[in-house]
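Student: Read off the chains here:
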Amino acid sequence: MNKELPPGLALQKVDERIMTLNVGPQHPGSGHMRIIVQIDGDFIVACDPDPGYVHRGEEKMAEYRNYITNIPHLERPVIHDSCNVLYPYVLGVEELLGIEVPERAKYIRVIASELNRCVYTMYWLAIYGIFLGHSTMFMWPAGDRELLIDLLEKMTGARVTHAHFVPGGVRNDLPPNFEDVCLRQVNYFEKRIKEYAAVFYDNPILIARTANTGVLSREDAIRLGTTGSVLRASGVDYDLRKKEPYDVYDELDFQTNVLKEGDSYARSKIPWLDMMESCRIIRHALQKMPKSGSVRVKLKPNPKGKGLDSVYKRVESGRGSLGCYIVSDGKPEPYRVKLSVGSFRNLIALPYLLKGEKLGNMPSVYWSLNYWPVEADR
Amino acid sequence: MNTATGIIKALNSGIKHLAIKRFTLRYPEEKLKFVGDGYQFDPSTGVGIAGYKGRHMLFHDHCTGCQLCSIACEGVAEAIAMVKVPEEHKQNKKAIMPQIDYGKCVFCGLCVDACPFYALYMTNDYELSSFSKEGLIYTPAQLQVKPFVSQDSEIKITDRGATHG
Numbered sequence: 001m002n003k004e005l006p007p008g009l010a011l012q013k014v015d016e017r018i019m020t021l022n023v024g025p026q027h028p029g030s031g032h033m034r035i036i037v038q039i040d041g042d043f044i045v046a047c048d049p050d051p052g053y054v055h056r057g058e059e060k061m062a063e064y065r066n067y068i069t070n071i072p073h074l075e076r077p078v079i080h081d082s083c084n085v086l087y088p089y090v091l092g093v094e095e096l097l098g099i100e101v102p103e104r105a106k107y108i109r110v111i112a113s114e115l116n117r118c119v120y121t122m123y124w125l126a127i128y129g130i131f132l133g134h135s136t137m138f139m140w141p142a143g144d145r146e147l148l149i150d151l152l153e154k155m156t157g158a159r160v161t162h163a164h165f166v167p168g169g170v171r172n173d174l175p176p177n178f179e180d181v182c183l184r185q186v187n188y189f190e191k192r193i194k195e196y197a198a199v200f201y202d203n204p205i206l207i208a209r210t211a212n213t214g215v216l217s218r219e220d221a222i223r224l225g226t227t228g229s230v231l232r233a234s235g236v237d238y239d240l241r242k243k244e245p246y247d248v249y250d251e252l253d254f255q256t257n258v259l260k261e262g263d264s265y266a267r268s269k270i271p272w273l274d275m276m277e278s279c280r281i282i283r284h285a286l287q288k289m290p291k292s293g294s295v296r297v298k299l300k301p302n303p304k305g306k307g308l309d310s311v312y313k314r315v316e317s318g319r320g321s322l323g324c325y326i327v328s329d330g331k332p333e334p335y336r337v338k339l340s341v342g343s344f345r346n347l348i349a350l351p352y353l354l355k356g357e358k359l360g361n362m363p364s365v366y367w368s369l370n371y372w373p374v375e376a377d378r
Numbered sequence: 379m380n381t382a383t384g385i386i387k388a389l390n391s392g393i394k395h396l397a398i399k400r401f402t403l404r405y406p407e408e409k410l411k412f413v414g415d416g417y418q419f420d421p422s423t424g425v426g427i428a429g430y431k432g433r434h435m436l437f438h439d440h441c442t443g444c445q446l447c448s449i450a451c452e453g454v455a456e457a458i459a460m461v462k463v464p465e466e467h468k469q470n471k472k473a474i475m476p477q478i479d480y481g482k483c484v485f486c487g488l489c490v491d492a493c494p495f496y497a498l499y500m501t502n503d504y505e506l507s508s509f510s511k512e513g514l515i516y517t518p519a520q521l522q523v524k525p526f527v528s529q530d531s532e533i534k535i536t537d538r539g540a541t542h543g
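These protein sequences, in sequence, are chains R and G. Per our numbering, the very first residue in the first sequence carries number 1; after that it's consecutive. Per our numbering, the very first residue in the second sequence carries number 379; after that it's consecutive.
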């Protein structure tokens, strides 16, 4: 038996102390992705995140569909945050086709995307709660999320996967009496999420469990290229809604939340603070929105780009910067659509954060990165 | 001491919920009310009318068999097929109308946006389950029927919390 085995099949030498553990890809604690951790007793020696389990080829699919029929499938990566996932694509196509969007449509888009950000964050928070064994924090966000899903359902006609944004505005105008209902439910929602402080964020058990675990320093956060809540929890004030305002974000009154600690606790707190800012944005946008007017520019069927052209647009999604690069070659279909998602960029930090941590802290550190497997795999 | 107060506060905020009304929709008995009669589209202005995107409704006296809905669905779900219908309409010489497979439909409503003759709308009916795959295919005759929906629950917000009343 002297046959040489190919490198992939060669037996690896087993260390006496180190054990390799596969977490996922069908584990409820990892989503649809695998984390290969090597542990020494209870401590993590090395960690190798292995995304790609739910790769669906969204980018390739986009090359065979025209600019309008791309909409329903491009929002599939994060169905809870579908407006924000679609936002950079729609902004890019508008620039490619040279469309000017009506003022009222811009406000409706901002309201829809802020509601969607809250819906996503509540879902994320529910899973973060159950990862830490806090089942109240699973039930409450999952229930209170219903308030905003109901608003989005009234607005767009679907509870998730709204397909609401189109190049040139939004699909339909707001239903009658929407402003009052929206204001009432958003105010109640804000009151509810403030109650989470006592039960979750000021809870000494949670703080003991998540503070000082998985610390990401300011320099490392910048060096690794993280975005969104992970970057802001490490003390970098970077929010695309402020830095590169799109649509009407520059006219709205809000602030970005920055914490300096950079640990798992700070990373989980930033999205919660952001939800309160989202409530402020929604209230201000409802106030400033033109009361009537067009919401959609009438396009020709099968719009085409003007020759060889490319555009890159990015927005601040629930998980950080989300960019969309579109290349047009003058045909009704885009030549290339590339999504640059925040989840994937935040995942890079995981091996650095988990080294030396206890295995029990893995779910909280992993999920505090605001990572969504399906979005990273596209 | 600080830890003890924190834990008591956390427990207290949970206990307070004993006095707060339950925020649960008891689904088969209660159903959420939607705005309007479903998503519709006005081709003259090019803007839709807000409503729930449920099962479609086809108006036989408006449909011309132009296949635009089927073409719009091609890049999305390929759920719409044009089939022969027995009855004759003077605006529909070819006598073909859309047949929708709800096993494939993603309820995006782009077919409604594509229809220039006010023939295809969406309704509030979302209970489309069937025991077979064939049962999910709705023929033009089935799509003509206006669905019976009894949805009346709305979110009510009071001082004692939100409920589905």
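Treat the hints as calculated values from the structure; they're not laboratory data. Worth double-checking, as some hints may not be accurate.
As the list claims (entries may be wrong) - Heads up, incomplete: computed chain G residues facing chain R, CB under 8 Å, no partners named:
{"#": "1", "residue": "413"}
{"#": "2", "residue": "459"}
{"#": "3", "residue": "460"}
{"#": "4", "residue": "481"}
{"#": "5", "residue": "482"}
{"#": "6", "residue": "488"}
As the list claims (entries may be wrong) - Computed beta-carbon distance windows for the label pairs:
{"#": "7", "chain 1": "R", "residue 1": "329", "chain 2": "G", "residue 2": "439", "range": "53 to 59 Å"}
{"#": "8", "chain 1": "R", "residue 1": "63", "chain 2": "G", "residue 2": "468", "range": "41 to 47 Å"}
{"#": "9", "chain 1": "G", "residue 1": "424", "chain 2": "R", "residue 2": "360", "range": "38 to 44 Å"}
{"#": "10", "chain 1": "R", "residue 1": "253", "chain 2": "G", "residue 2": "529", "range": "36 to 42 Å"}
{"#": "11", "chain 1": "R", "residue 1": "54", "chain 2": "G", "residue 2": "439", "range": "22 to 28 Å"}
{"#": "12", "chain 1": "R", "residue 1": "177", "chain 2": "G", "residue 2": "424", "range": "52 to 58 Å"}
{"#": "13", "chain 1": "R", "residue 1": "175", "chain 2": "G", "residue 2": "526", "range": "30 to 36 Å"}
{"#": "14", "chain 1": "R", "residue 1": "260", "chain 2": "G", "residue 2": "528", "range": "30 to 36 Å"}
{"#": "15", "chain 1": "R", "residue 1": "331", "chain 2": "G", "residue 2": "522", "range": "50 to 56 Å"}
Said to hold, decoys possible - In the DSS-like style, the derived pairs of lysine-lysine whose C-alpha atoms are separated by at most 25 Å in a straight line are:
{"#": "16", "chain 1": "R", "residue 1": "191", "chain 2": "G", "residue 2": "472"}
{"#": "17", "chain 1": "R", "residue 1": "191", "chain 2": "G", "residue 2": "462"}
{"#": "18", "chain 1": "R", "residue 1": "331", "chain 2": "R", "residue 2": "60"}
All residues carry an ideal CB built from backbone N, CA and C; glycine is no exception.
Student: Each hint should be assessed against the structure and marked as holding or not.
Tutor: Results of checking the hints against the structure:
The restraint placing residue 413 of chain G at the interface with chain R holds, with a minimum CB-CB distance near 4 Å, inside the 8 Å limit. The beta carbon of residue 459 of chain G is not positioned within 8 Å of any beta carbon in chain R (closest approach about 17 Å), and the interface hint is therefore violated. Given hint, residue 460 of chain G at the interface with chain R, is violated; its Cβ is 18 Å from that chain's nearest Cβ, farther than 8 Å. Given hint, residue 481 of chain G at the interface with chain R, is violated; its Cβ is 16 Å from that chain's nearest Cβ, farther than 8 Å.
The closest approach between the C-beta of residue 482 of chain G and any C-beta of chain R is roughly 12 Å, which is over the 8 Å cut-off, so the hint fails. Taking 8 Å as the C-beta contact cut-off toward chain R, the hint placing residue 488 of chain G at the interface holds, the least distance being around 7 Å. The given range of 53 to 59 Å is broken by residue 329 of chain R and residue 439 of chain G, whose C-beta atoms sit roughly 43 Å from each other. At roughly 42 Å, the beta carbons of residue 63 of chain R and residue 468 of chain G sit within the given window of 41 to 47 Å.
In this structure the supplied range 38 to 44 Å is violated for residue 424 of chain G paired with residue 360 of chain R, their Cβ-Cβ distance being about 56 Å. For the pair residue 253 of chain R and residue 529 of chain G, the beta carbons lie near 37 Å from each other, so the given range of 36 to 42 Å is met. Look at residue 54 of chain R against residue 439 of chain G: about 45 Å separates their beta carbons, and that is not inside 22 to 28 Å. Judged by the Cβ atoms, the range 52 to 58 Å given for residue 177 of chain R and residue 424 of chain G is violated: they are separated by roughly 24 Å.
In this structure, residue 175 of chain R and residue 526 of chain G break the distance hint of 30 to 36 Å, their C-beta atoms being roughly 22 Å apart. Here the CB-CB span from residue 260 of chain R to residue 528 of chain G is close to 55 Å, at odds with the stated 30 to 36 Å. Hint check: residue 331 of chain R to residue 522 of chain G, Cβ distance near 38 Å, so the stated range 50 to 56 Å is violated. The suggested pairing of residue 191 of chain R with residue 472 of chain G is violated, with an alpha-carbon distance near 59 Å, which exceeds 25 Å.
Proximity of residue 191 of chain R to residue 462 of chain G is assessed by CA-CA distance (about 56 Å); at most 25 Å being required, the pair is judged violated. A distance of roughly 16 Å separates the Cα atoms of residue 331 of chain R and residue 60 of chain R; the hinted pair therefore holds under the 25 Å criterion.
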